[in-house]
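My request is simple: use the sequences and hints to build the entire structure.
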Amino acid sequence: MTKRVTRLGGLLAAYQRRDPAARSKLEIFLLYPGVHAVIYHRLAHWMYRHRWFFLARCVSQWNRFWTGIEIHPGATIGHRLVIDHGMGIVIGETAEIGDDCLLYQGVTLGGTGKDKGKRHPTLGNNVLVGSGAKVLGPFTVGDNARIAAGAVVLSEVPANATAVGVPARIVRMAGKPVYYADDVDQINMEDPVRQEINSLAERIGELERQLNEQKHTKERTA
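Note that this note's numbering has the sequence shown beginning at 90, numbered continuously upward.
These are computed hints drawn from the structure, not numbers from a lab. Wrong hints could be hidden among the right ones.
In silico lysine-lysine, DSSO-like type, Cα no more than 30 angstroms apart, as pairs [stated by the list, open to error]: (1) Lys223 / Lys205; (2) Lys223 / Lys207; (3) Lys203 / Lys223.
Simulated restraints on C-beta separations [claimed, not checked]: (4) Pro227 / Thr95: 28 to 38 angstroms; (5) Val241 / Thr310: 49 to 59 angstroms; (6) Pro227 / Leu289: 27 to 37 angstroms; (7) Arg131 / Glu285: 55 to 65 angstroms; (8) Arg261 / Gln105: 24 to 34 angstroms.
Every residue, glycine too, gets a C-beta built ideally from N, C-alpha and C.
Structure representation (structure tokens):
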């Protein structure tokens, strides 16, 4: 019992640290749907591990109705998961989430088909997944990684990396602090697609300049 109370206290403290709108642990415990979703999932997952599949599914469906967050009872969730707002989050059966992760609304940790066995992603520790991001497939997102809002991740993300775009590409590898998810910035990131377009535009401009020079040279010698 003491261990569970300590674990709950750690979860509430994580919300206070990462959510500037959080005023007190009591408010977080009573009113934050992310906290409720995790608590209900603990119960559903316990039932699932004891092969009470129907009851586990009932609890998870109530969780979905009450919080707007759908977590399959088979999913494995570590300590101090912070779910900010949370509406529309979907976490699949074989998904695994490490400690101190941060998920925003609309995130999907899903599969890419109807394969059996491991088919959902594994998130390491201190991973941030931005609003509306889709992480699809049985691969690993390394510790301290960040996935930008709206990204669609279809392959492994190394530790300490930042993934952006559709499909997602790695745009940053750096030695950031351990609590990487605390450095919340889903906007000021480099877009690799835009960089490539700008590079192509510069190249086209250079080719046009060279063609104009050749044209003027021919006109002078004519």
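Open item on the list: Given the hinted pair Lys203 and Lys223, is their Cα-Cα distance within 30 angstroms?
Closed with: 17 angstroms, holds
Open item on the list: Against the range 55 to 65 angstroms, how does the distance between the Cβ atoms of Arg131 and Glu285 compare: consistent or not?
Closed with: 45 angstroms, violated
Open item on the list: For the hint 24 to 34 angstroms, verify it against the beta carbon of Arg261 and that of Gln105.
Closed with: 28 angstroms, holds
Open item on the list: Is 27 to 37 angstroms respected by the C-beta to C-beta distance linking Pro227 and Leu289?
Closed with: Holds, since Pro227 and Leu289 (Cβ atoms, about 35 angstroms apart) stay within the stated range.
Open item on the list: Between the alpha carbons of Lys223 and Lys207, is the straight-line distance 30 angstroms or under?
Closed with: 17 angstroms, holds
Open item on the list: Tell me if the beta carbons of Pro227 and Thr95 are separated by a distance inside 28 to 38 angstroms.
Closed with: 33 angstroms, holds
Task: Given hint Lys205 paired with Lys223 - CA-CA distance at most 30 angstroms - done: Given that 30 angstroms is the threshold and the Cα spacing comes to 20 angstroms, the pair holds.
- [ ] Take a look at whether the Cβ-Cβ distance between Val241 and Thr310 falls inside 49 to 59 angstroms.
- [x] Holds - the Cβ-Cβ distance for Val241 and Thr310, about 54 angstroms, lies within 49 to 59 angstroms.
Checked against the numbered hints above, the structure violates only hint 7.
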